[in-house]
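From first to last, the protein sequence lines stand for chains F and A.
When we follow my numbering, the leftmost residue of the first sequence carries the number 1, and every step to the right adds one.
When we follow my numbering, the leftmost residue of the second sequence carries the number 1, and every step to the right adds one.
Derived by calculation from the structure, the hints in this document are not laboratory data.
If you're wondering where the values come from, they're calculated on a predicted model, not measured in any experiment.
All residues carry an ideal CB built from backbone N, CA and C; glycine is no exception.
One or more hints might be untrue.
Cβ pair distances, simulated, as ranges [said to hold, decoys possible]: (1) A:K15 - F:N30: 40 to 50 Å; (2) F:F39 - A:P8: 12 to 22 Å; (3) F:N30 - A:G71: 40 to 50 Å; (4) F:F46 - A:N52: 35 to 45 Å; (5) F:D67 - A:E20: 39 to 49 Å; (6) F:P7 - A:S38: 42 to 52 Å; (7) A:A2 - F:P76: 27 to 37 Å; (8) A:A2 - F:T29: 26 to 36 Å; (9) F:L80 - A:Q83: 17 to 27 Å; (10) F:N19 - A:E68: 41 to 51 Å; (11) F:R45 - A:L39: 15 to 25 Å.
SDA-like cross-link-like pairs, simulated, lysine to any residue; straight-line CA separation at most 20 Å [unchecked claim]: (12) A:K57 - F:G97; (13) F:K3 - A:E104; (14) F:K3 - A:Q84.
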Amino acid sequence: LAKTTQPISMDSYEGQEVNITCSHNNIATNDYITWYQQFPSQGPRFIIQGYKTKVTNEVASLFIPADRKSSTLSLPRVSLSDTAVYYCPHTDKLIFGTGTRLQVFP
Amino acid sequence: GAGVSQSPSNKVTEKGKDVELRCDPISGHTALYWYRQSLGQGLEFLIYFQGNSAPDKSGLPSDRFSAERTGGSVSTLTIQRTQQEDSAVYLCASSLGAGGGNGELFFGEGSRLTVL
C-alpha cells in the first residue's frame, strides 16, 4: 500500500528550529506535497503545500529536493503552541498515517 | 456555513444500535472524505466522494459501514449494529477539486462516537 514515511515523534524546546522529514517514495508526477497540523480534539488543518524546491509561508517552510522522494517541513523558532501532530499524507487515497507527534518543551 | 460542519459532535450509543453521522461540507466543494481516528492514533481513510458517487470505498472496515452523499452536498456515514471497536472520532473533510490530494482539505471538528 503506497504511503509516506515520517518519524513517529520528535521533541524540541521553545525557540529552536524543527525539521520534520517525510519520504514520498511513490509520489506521482502530478502530485503536490502537502503538510497538515492537528491539535488535540480538532481536525487536521492545512499548513503548506509545494511541488518542488522551496515554499515559505507565515507558518513554515517546505523543502523538496529535485527527485521529490522526500520533503522537509521546517518550523522556525517553535513555541509551546506548536505542540501537535504533523502529517504528510500520501496523495493516493489521501492516506494520513500516524503522523509525527511534536512535543515542544519550555 | 464557513467551514465543514459535522453532527453530532458527541454520540454515546449501546452496542448493537445503529448510528448516523452527518457531514455538511463547504459550499461548492465537490470532493468529500471520511476518516476514522481512534484515540492516540492516526487518521484511517474510510471513503471518498466525488459529487454523489464514491469511486473509492476501499477503506470501509466492514459491511456494517455505509455512506451516501446527496445533492453533491451533505453526506451521511451510517454504522449498523455498532461494536465497541467502532468507538473513535469520525472526521469529515471536503475540498474544491477532485481527489488525489492536490487541493487543500478542510476538516470538520469530528464526531466522537462512544459505543458502550
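Hint-by-hint comparison with the structure:
no.: 1; hint: A:K15 - F:N30: 40 to 50 Å; verdict: 45 Å, holds
no.: 2; hint: F:F39 - A:P8: 12 to 22 Å; verdict: 21 Å, holds
no.: 3; hint: F:N30 - A:G71: 40 to 50 Å; verdict: 30 Å, violated
no.: 4; hint: F:F46 - A:N52: 35 to 45 Å; verdict: 25 Å, violated
no.: 5; hint: F:D67 - A:E20: 39 to 49 Å; verdict: 46 Å, holds
no.: 6; hint: F:P7 - A:S38: 42 to 52 Å; verdict: 20 Å, violated
no.: 7; hint: A:A2 - F:P76: 27 to 37 Å; verdict: 29 Å, holds
no.: 8; hint: A:A2 - F:T29: 26 to 36 Å; verdict: 34 Å, holds
no.: 9; hint: F:L80 - A:Q83: 17 to 27 Å; verdict: 38 Å, violated
no.: 10; hint: F:N19 - A:E68: 41 to 51 Å; verdict: 42 Å, holds
no.: 11; hint: F:R45 - A:L39: 15 to 25 Å; verdict: 20 Å, holds
no.: 12; hint: A:K57 - F:G97; verdict: 18 Å, holds
no.: 13; hint: F:K3 - A:E104; verdict: 18 Å, holds
no.: 14; hint: F:K3 - A:Q84; verdict: 28 Å, violated
Hint compliance for this structure: hints 3, 4, 6, 9, 14 are not met, and every other hint is.
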